[in-house]
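Peer 1: Spelled out from the first residue to the last, the chains are:
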Amino acid sequence: MQFDSLHDFLAMGGYALYVWLSFGVSLLALVWVVLDSASTHKKLLRNAREEQARQARIAAARKAQAVHSESQQTGS
Amino acid sequence: MWKWLHPYAKPERAYQLCVTLQPYFLWPGILCLVAGSIWGLAFAPQDYQQGDSFRIIYIHVPSAILSMSTYVAMAVAALVGTVWQWRTAFMAMIAMAPIGAVVTFIALFTGAAWGKPMWGTWWVWDARLTSELILLFLYLGVIALYGAFEDKQQAGKAAGVMALVGVVNVPIIHYSVEWWNTLHQGATISKFDKPSIAPEMLWPLLIALVGLALFIAAVTVMRMKNEIIRREYHRPWVKDLAARALGGDHAV
Numbered sequence: 001m002q003f004d005s006l007h008d009f010l011a012m013g014g015y016a017l018y019v020w021l022s023f024g025v026s027l028l029a030l031v032w033v034v035l036d037s038a039s040t041h042k043k044l045l046r047n048a049r050e051e052q053a054r055q056a057r058i059a060a061a062r063k064a065q066a067v068h069s070e071s072q073q074t075g076s
Numbered sequence: 077m078w079k080w081l082h083p084y085a086k087p088e089r090a091y092q093l094c095v096t097l098q099p100y101f102l103w104p105g106i107l108c109l110v111a112g113s114i115w116g117l118a119f120a121p122q123d124y125q126q127g128d129s130f131r132i133i134y135i136h137v138p139s140a141i142l143s144m145s146t147y148v149a150m151a152v153a154a155l156v157g158t159v160w161q162w163r164t165a166f167m168a169m170i171a172m173a174p175i176g177a178v179v180t181f182i183a184l185f186t187g188a189a190w191g192k193p194m195w196g197t198w199w200v201w202d203a204r205l206t207s208e209l210i211l212l213f214l215y216l217g218v219i220a221l222y223g224a225f226e227d228k229q230q231a232g233k234a235a236g237v238m239a240l241v242g243v244v245n246v247p248i249i250h251y252s253v254e255w256w257n258t259l260h261q262g263a264t265i266s267k268f269d270k271p272s273i274a275p276e277m278l279w280p281l282l283i284a285l286v287g288l289a290l291f292i293a294a295v296t297v298m299r300m301k302n303e304i305i306r307r308e309y310h311r312p313w314v315k316d317l318a319a320r321a322l323g324g325d326h327a328v
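Protein sequences appear in the order of chains L and A. Sequential numbering from 1 applies to the first sequence in our numbering. Sequential numbering from 77 applies to the second sequence in our numbering.
Do not rely on the hints blindly, as some may be mistaken.
Unchecked claim - Listed next, the stretches of chain A that the computed footprint assigns to chain L, with coverage defined by at least 3 CB atoms under 8 Å from CB atoms of chain L: (1) 88-98; (2) 123-131; (3) 308-320.
Claimed, not checked - Sample of chain A residues facing chain L (criterion: CB under 8 Å; computed from the structure): (4) Trp115; (5) Phe181; (6) Thr186; (7) Ala289; (8) Val295; (9) Arg299; (10) Asn302.
Calculated from the structure, these hints are not laboratory results. It should be emphasised that the depicted structure is a prediction, and the values quoted were computed from it without experimental measurement. A virtual CB, placed ideally from N, CA and C, is assigned to each residue, including glycine.
If we strip away everything but chain A, and leave its shape as in the complex, we get (with noise of 0.2 Å):
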């Protein structure tokens, strides 16, 4: 059942794969990002008590959501890469994290931005503020424990474990507005039940969401290509490959 999947374990399938895929994560990403964004500021109505602030939750909740969600999904390619010992698995938990870090600061940046003019402050350290802090914690842990290992397999796997034991704070983040007091609202999508926002609100939200998500798959294929990269820089291939994308340049 799962053996057409076993070719993309073997890096130069799963370069050709990489190589396929981002233009169709990248280009829609963008389109959608730049189409959410523009709908969000210049035709979503105001919010009656928010006014024009409000807006930032156009990047705010799509940013906030994903960097949870990418984070879920680095621990589920470092549970493959532990479990199934998969080469590629690591390197698609290393290729996600520093694009969930830099979506989680995002998330933590609007925030502040966020509070300031609404709450009258940019930070307090209450439990959704903390606990995404220490998802960022997490991410630039993960991208630190790799990089401090010579042997990328070692290092795979030590990172591998700090990823897993992350995820406890994923459901952490998520019930945190409802476990404890806290200055940040809770959700307005992320539930089960009618979200509670207007549909000219939310539509401009959930392409952004869309386009945010696409975007972080686009980057997470670059990175994984290069990832592969560094792996397989003595096969013949990536000589093949050198010398196709360098061009005439012979600087050797």
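Here chain L stands alone, though its shape is the one from the complex (with noise of 0.2 Å):
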């Protein structure tokens, strides 16, 4: 350990401001940019499971409706 006391160290010898300002900024840049992919990565797969749902859905509809007009026409 190059500090005699906790309060040693916090100082950096003076240059508490410009250690800690480079150190903090860093970890939130670095925290920021995981947060953020891991955010895109939950937001991506939730679009993915609507839109495949949506396409689902339109697919069933089309079906559903090639069915009645089927019904339909046999019925006149």
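Starting from the two chains in their separate frames, assemble the complex, guided by the hints.
Peer 2: This is the structure in structure tokens:
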């Protein structure tokens, strides 16, 4: 350990502002980029599921319509 | 010879590879970053001229070196995508751009916070600082250009050309301290010679360097996964993936 006390460590020999500013901003930037990647991942999966559910609904509706019009034709 | 590589051009396989690799990059990366920072901040000896302000080196130098390495890696991906028309290569390129930009920002920011107490100024328009700032703009340019195209194959081609052209900036950054008179000091460890730094200062620096490299790889892999999903969102395997990942959350 290069410092005698916690207070000395935090004071960084008078350069506390610059040292802690550097490490703090770097930490924030790195955490931000990870959180952004993770939240994008979730959002994309949710979008994919919604889109595929929508496509399934459209396909089902088309099929129902086709069956319906077919039964009408045979009925008349 | 290269045949084993071909399946990874298939998005689903590439995704699986990313999932496998991610923990091996992320956790050792974080561990090394924490270990290097604590060693550098608390246990490395003081610099005889700069006192404790030199401890900024433990993020400044790794981020500065890796901002360039990441750019080269991104340009290699762009080259592969352009020459062999690999979709996944362009995805790798755009996956690397944001973390590259963040690391470049960190190098610039910590450089400013180190320059203020040592040089008496946050910023000077000299060769090293300006060329590193241009590197940040290149990263942002690649991201913006890629985002400007609706068709992502077109986007990859356009942004790939920009990434490739920008490579010329990397040797300019590296040699700027030799080619021009600058406030910035010369190379300490990235040179073909014995590093001019005491071993007890060098070790934490190397650990932080390895840690940040692994961390960049982890973020790249995370974002690569996102790019693959973005392009493949209509495929059944993505549906299965979403069902597994989101579980019983049936919002639709």
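Peer 1: Run every hint past the structure and note whether it holds.
Peer 2: We went through each hint and held it up to the structure:
no.	hint	in the structure
1	88-98	violated (count 0)
2	123-131	holds (count 4)
3	308-320	holds (count 7)
4	Trp115	violated (10 Å)
5	Phe181	holds (6 Å)
6	Thr186	holds (4 Å)
7	Ala289	violated (13 Å)
8	Val295	holds (6 Å)
9	Arg299	holds (5 Å)
10	Asn302	holds (5 Å)
Going through the hint list in order, the structure does not satisfy hints 1, 4, 7.
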